[in-house]
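Given the coordinates of chain R, work out where chain F should sit on it, guided by the hints.
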Amino acid sequence: MTWLAAALCAALGTLEVARPAGVDFLHRHSPTAQKYLLETMGGGVALLDYNNDGLLDLFLVNGGKLGDPLKLPADFSRREPAYWNRLYRQNPGGSFTDVTAEAGLAEAGNNYGMGAAVGDYDNDGLPDLYVTNYGRNALYRNHGGGGFTEVTAEAGVGAGGWSASAGFFDYDNDGRLDLFVTRYLDWDLGRNVPCGAPLRSYCRPDKFGGVTNVLFHNEGGGQFRDVSARSGIAAVKGKGLGVAFNDYDGDGFADIFVANDGMEQFLFRNRGDGTFAERALEAGVAFSDEGTAYAGMGVAFADYDNDGRPDIAVTNLALEKYALYRNEGKGQFDYASLATGLAELTARSSGWGLGLHDFDNDGWKDLFAAQSHVLDNVEKIHSWLRYLEPPALFRNVAGRFEKSDLASLPGIAGRGAAFGDLNGDGHMDAVVSVLGGRPLVLLNRGGRNHWLTLRLVGLRSNRGGAGAKVRVGGQWAYATTSGSYLSASDGRVHFGLGSEKEATVEVLWPGGGRQVLEKVVADRVVTVKEAE
Amino acid sequence: MIAEVVLVLALQAMPELGRHVEAGLKAKRAGDLETAISEFKRVVELAPGLAAAHVNLGAVYLEKKDYGNAIPWLRRALEINPDLPGAHGMLGAALLAQGYAPEAIPHLEQARADDVLGVALLESGRVREAVDKLEAALLQRPDDPDLLYYLGQAHGRLSKQVFDRLAGQSPAPARARQLLGEAQAAAGNRDAAEQHFRAALALRADLRGIHLALGELYLGAGDYEGAEREFREEARLAPGSAAAAHELGAVLLKRGRARDAVAELRRASELRPGMPETLLELGKATAATGDLASAEKLLRQVLERERASEVAESAHFQLAEIYRKLGRAADADRERKLFQELRKSRQ
Numbered sequence: 001m002t003w004l005a006a007a008l009c010a011a012l013g014t015l016e017v018a019r020p021a022g023v024d025f026l027h028r029h030s031p032t033a034q035k036y037l038l039e040t041m042g043g044g045v046a047l048l049d050y051n052n053d054g055l056l057d058l059f060l061v062n063g064g065k066l067g068d069p070l071k072l073p074a075d076f077s078r079r080e081p082a083y084w085n086r087l088y089r090q091n092p093g094g095s096f097t098d099v100t101a102e103a104g105l106a107e108a109g110n111n112y113g114m115g116a117a118v119g120d121y122d123n124d125g126l127p128d129l130y131v132t133n134y135g136r137n138a139l140y141r142n143h144g145g146g147g148f149t150e151v152t153a154e155a156g157v158g159a160g161g162w163s164a165s166a167g168f169f170d171y172d173n174d175g176r177l178d179l180f181v182t183r184y185l186d187w188d189l190g191r192n193v194p195c196g197a198p199l200r201s202y203c204r205p206d207k208f209g210g211v212t213n214v215l216f217h218n219e220g221g222g223q224f225r226d227v228s229a230r231s232g233i234a235a236v237k238g239k240g241l242g243v244a245f246n247d248y249d250g251d252g253f254a255d256i257f258v259a260n261d262g263m264e265q266f267l268f269r270n271r272g273d274g275t276f277a278e279r280a281l282e283a284g285v286a287f288s289d290e291g292t293a294y295a296g297m298g299v300a301f302a303d304y305d306n307d308g309r310p311d312i313a314v315t316n317l318a319l320e321k322y323a324l325y326r327n328e329g330k331g332q333f334d335y336a337s338l339a340t341g342l343a344e345l346t347a348r349s350s351g352w353g354l355g356l357h358d359f360d361n362d363g364w365k366d367l368f369a370a371q372s373h374v375l376d377n378v379e380k381i382h383s384w385l386r387y388l389e390p391p392a393l394f395r396n397v398a399g400r401f402e403k404s405d406l407a408s409l410p411g412i413a414g415r416g417a418a419f420g421d422l423n424g425d426g427h428m429d430a431v432v433s434v435l436g437g438r439p440l441v442l443l444n445r446g447g448r449n450h451w452l453t454l455r456l457v458g459l460r461s462n463r464g465g466a467g468a469k470v471r472v473g474g475q476w477a478y479a480t481t482s483g484s485y486l487s488a489s490d491g492r493v494h495f496g497l498g499s500e501k502e503a504t505v506e507v508l509w510p511g512g513g514r515q516v517l518e519k520v521v522a523d524r525v526v527t528v529k530e531a532e
Numbered sequence: 001m002i003a004e005v006v007l008v009l010a011l012q013a014m015p016e017l018g019r020h021v022e023a024g025l026k027a028k029r030a031g032d033l034e035t036a037i038s039e040f041k042r043v044v045e046l047a048p049g050l051a052a053a054h055v056n057l058g059a060v061y062l063e064k065k066d067y068g069n070a071i072p073w074l075r076r077a078l079e080i081n082p083d084l085p086g087a088h089g090m091l092g093a094a095l096l097a098q099g100y101a102p103e104a105i106p107h108l109e110q111a112r113a114d115d116v117l118g119v120a121l122l123e124s125g126r127v128r129e130a131v132d133k134l135e136a137a138l139l140q141r142p143d144d145p146d147l148l149y150y151l152g153q154a155h156g157r158l159s160k161q162v163f164d165r166l167a168g169q170s171p172a173p174a175r176a177r178q179l180l181g182e183a184q185a186a187a188g189n190r191d192a193a194e195q196h197f198r199a200a201l202a203l204r205a206d207l208r209g210i211h212l213a214l215g216e217l218y219l220g221a222g223d224y225e226g227a228e229r230e231f232r233e234e235a236r237l238a239p240g241s242a243a244a245a246h247e248l249g250a251v252l253l254k255r256g257r258a259r260d261a262v263a264e265l266r267r268a269s270e271l272r273p274g275m276p277e278t279l280l281e282l283g284k285a286t287a288a289t290g291d292l293a294s295a296e297k298l299l300r301q302v303l304e305r306e307r308a309s310e311v312a313e314s315a316h317f318q319l320a321e322i323y324r325k326l327g328r329a330a331d332a333d334r335e336r337k338l339f340q341e342l343r344k345s346r347q
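Chains as they are written, first to last, in the numbering used here: chain R, 1 to 532; chain F, 1 to 347.
By construction, these hints were calculated from the structure, which means they are not laboratory data.
All C-beta atoms in this analysis are idealised placements derived from N, C-alpha and C, irrespective of residue type, glycine included.
Treat the hints with care, since some could be wrong.
[Unchecked claim] The calculated lysine to any residue pairs, modelled on SDA-like cross-linking and capped at a C-alpha distance of 25 angstroms, are:
1) F:Lys344 / R:Gly209
2) F:Lys325 / F:Arg255
3) R:Lys330 / R:Gly232
4) F:Lys337 / R:Gly232
5) R:Lys380 / F:Lys41
6) F:Lys337 / R:Asp334
7) F:Lys325 / R:Ala277
8) F:Lys41 / F:Asp83
9) F:Lys325 / R:Arg309
[To be verified] Which bits of chain F does chain R cover? Going by a derived footprint, with three or more residues having C-beta under 8 angstroms, they are:
10) 222-229
11) 250-256
12) 317-323
[Said to hold, decoys possible] Derived DEER-like restraints, expressed as beta-carbon distance ranges:
13) R:Asp206 / F:Gly99: 40 to 46 angstroms
14) R:Ala153 / F:Lys344: 38 to 44 angstroms
15) F:Arg300 / R:Ala153: 56 to 62 angstroms
16) F:Lys344 / R:Gly329: 29 to 35 angstroms
17) R:Lys207 / F:Ser38: 49 to 55 angstroms
Next up, chain R with everything else stripped away, as it sits in the complex (with noise of 0.2 angstroms):
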C-alpha cells in the first residue's frame, strides 16, 4: 500500500492519519492492579536510515509482560515476539517490512522497555541504536547489510537501574559521538508503593527519590567510559525523563538540558573542558513562572523565535501549562509560556513527546506534542481532566502560536514522538508512540511552501554532524537526533523556505569548521559534507 493510498484523509490542519501496510506493532505495558509506575512510562519510537537507502525506517520499544502481582525475580517475556521491540523498514512505495528478526533486534534482554536513542557512535556512516530499559540498556552497533549486533557489554554502557531517554551528542567535539542517559527514579518492582485512595493510582514521583543521571564518554574503537562523576552530571540527583542537547550559551560546546519529573530541572552547561556545571535556576530554565516545580516529560531545545539562540520547551502535566523558554542571550532564558500564548493553549494537557519542527515551510518551527495524561484513571478522579488526548500542533506565527484544529483525531495515550520526512516529499511528518496502542502516524500534507533538508557529512566532526548548527537565512537549526520523549528523530536538518527557491546555507561544524554555499536550490535533499 502507498502512502497515498493508505492516508485516511482524516484532515488534521496540515497532517493526516496514516496506517502504513506492514507496521503491526502493538505496544504490550502490561497494566496491572498493582499500578506499577513502569506501566504508565513507556515506549520510544525512533526514526532512522538505518541501511542508507534514503527512506526513514521505523523502530519501536516494547514493554514487557509483568504479573498482577509481579513474582520477583520479573520474568518481562521479552523473548515472545509479543514483547519484541520492532524494526520496520521502508519499502519504497511507503509500506513498511518487520525486519527485526533478521537484523538482530529481537533478543532485548529481561528487561521492561523504555526508549530509543540513534547516533552513529563509530563513524561508519550507518546509524546505530541504543534502547534504554528498566533494568540494563542496550547498545546495538549497526554492522550494515541491514543487521546490528548487541554490542553493550564491550562498549560498557549498560547503566541500569530505570532509564528514560537517552541521547548521542559530541560534549568535547572531538569527533566522536558520547551518550547521555537520564534515569528516572531510585525505585524498584519491589518496592512499589500503594498510591491514591480510594482509588488505587500511580504514584507521584515525590514517592520516590531521584537518581543521577549517565554520561558516557565516546573512547573510540567501540569503547565507551563512564565520566558521570568526573564530569559533574553525577553531582545532582533528579528525575529525569526527557533529555535534549544544544548549544544555549554559543560557546561551541553542547550543552544539556533535563527534564525532570516535579522537581527543578536541570541545564547542565558545558565548561568546555569535559565538565559541566548545573544552571538551571541561574539561567532561569529551572521553575514555572511562579517558582514551582512541574511535572517535566519531553523536551524539545531549539530556536523557535528565529533569533539565532536556542530555546526551550518542556511538555508536563495538566494544569501545569508545557513551559516555553526564551533565550534571551548572555546564558539567560525568559519564561515564555504566556506571552506566546502556548500556556492558554496548554493549560488543560498533559504532554510527552515535543519537537520543535517547521511543519507548514513557513521559515518558523511549530511546536508539536504527544498528549496523554499520566493516569489512566484521572477522569475518575478529576472529572475535567482527560486521560486520551490527541497529539496537538501549535503554529508558530511569527513567534506567538495557535492551535491547528486537530479536532478529527481520536484520543490516544501519547508517549514518544519522533520527527522527519517520511515519504520524502518535504514535509515534516511525524510519528507518536501510543502506550498500550499501536503507533500513530501522521504525515503532513504540506503546503505550497518551499523547502531544504540538509543530510550532513562529518569528516573531522563526527560523521552524522551531530551538534553542527546550521543557518538558511534568519533561521536555525541543530542537527541531533535527540529530544522529545523515550525518541530519537532524523537526523537530517530541515528548514521550510516559505516562498524563496534558493538559499544560502552556512554549516557551524562542531569540529571547528564553517562552511558557506549558495544559492542552494529549494524542495530537496542536500549532502553537505564537512571540508577537510
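Chain F in isolation, oriented as in the chain R frame:
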C-alpha cells in the same frame, strides 16, 4: 485540695483513718493509682458519711481515666454535700468523657469550668451557648489548640445550621443553589458545582459571587478563556469587588495580556490596599510589561507583609528573576537562596 483539708480534720479524730488517708495520698502522688484506690476505699468504709472521702476516690479513678468508676463516687460525694465545686467539675468531666454531655452541663456550670462546659454544650447541640463559653475560656488560654479546635467546630456547626435552613427551602432559592454549588466546589465536584451555579444564575442573574466562583472553577480546570469571561462578568456586577478585579487581572496575565492584567490588578489594589496576593500578581504582571523597577518595588511591598508564606516564597523567586534580568547577580543570588530556603522549609 478542699477534700484533702477536710480529711485532715477527720483524721485528727480517727487515727486509723488518718493512716489510710496518708497512704492513699502518698500512693496517688507517686502515681500508684491502684494502691491509692485501695486506701481511699478503706477510708470510705471507715467514714461513709464523709463527702471528701468519696471525692478523693472519684478523683483517683478520674486520674486513671476510669470514668465509669469515678462517676458513682463523685455522685455520692455530692449527695452528701452538694456544695463541692471541685466535685461538680470532676463529675461533669467524667460524664462528658462517657458521652453524657447534657448530664454533665449542670455540674460544669456549678464548677464554672467554661472550657469543658463549652465542649459539653457543643456536644449537646447548644452551639450558640458553646461559642460563648469557649470564647470566654479562650480569653484565658488564647492559643490552646483544644479550645481553638472546639470553637472552630462550634462556628462550623452554627454555619451549617444556617445553611441547612437555607438549603431546606422549597423550591430552592438562588442562594440555596449558590450554597450547594460552593459545597460541591469545595468537595472537588466541579461538574455538580457548575450545575448549581448555573441554576442559581437562572433564578437570579445578578447574584454576586457566582461568576467569581464559576471563574475559579474554570481557572482550576485550565480554562483561562472561560475564567476570564466569568471574572469579567463578576467585575461588571460588582465593580467594587477587589476579589473580582484580582482574579480578572491574574487570569489576564496567564493569557499573556500583561498590560491589561496590570490595569485590573492596580484596580484591585486600590479597592483593597496592601493585599499581598494582589501585590504579588501586580508585581509579576508589571515585570512582564518590562517595568522591572516598579515590579521590584511591588514585590518588596509583598515581603514587608509576608515573610515565610507561599506568597513570600513566590515573591523571592520573582525578585530573583528581576535581578537576573537586570544583571544584578549578587541580588539575584540572595533572592534565589531565600526562595530555596523557603521552598525547602515548606516541603
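Hints versus structure:
no.: 1; hint: F:Lys344 / R:Gly209; result: 15 angstroms, holds
no.: 2; hint: F:Lys325 / F:Arg255; result: 22 angstroms, holds
no.: 3; hint: R:Lys330 / R:Gly232; result: 22 angstroms, holds
no.: 4; hint: F:Lys337 / R:Gly232; result: 22 angstroms, holds
no.: 5; hint: R:Lys380 / F:Lys41; result: 62 angstroms, violated
no.: 6; hint: F:Lys337 / R:Asp334; result: 19 angstroms, holds
no.: 7; hint: F:Lys325 / R:Ala277; result: 20 angstroms, holds
no.: 8; hint: F:Lys41 / F:Asp83; result: 22 angstroms, holds
no.: 9; hint: F:Lys325 / R:Arg309; result: 17 angstroms, holds
no.: 10; hint: 222-229; result: holds (count 4)
no.: 11; hint: 250-256; result: holds (count 4)
no.: 12; hint: 317-323; result: holds (count 3)
no.: 13; hint: R:Asp206 / F:Gly99: 40 to 46 angstroms; result: 41 angstroms, holds
no.: 14; hint: R:Ala153 / F:Lys344: 38 to 44 angstroms; result: 41 angstroms, holds
no.: 15; hint: F:Arg300 / R:Ala153: 56 to 62 angstroms; result: 59 angstroms, holds
no.: 16; hint: F:Lys344 / R:Gly329: 29 to 35 angstroms; result: 31 angstroms, holds
no.: 17; hint: R:Lys207 / F:Ser38: 49 to 55 angstroms; result: 54 angstroms, holds
Of the hints listed earlier, the one the structure fails to meet is number 5.
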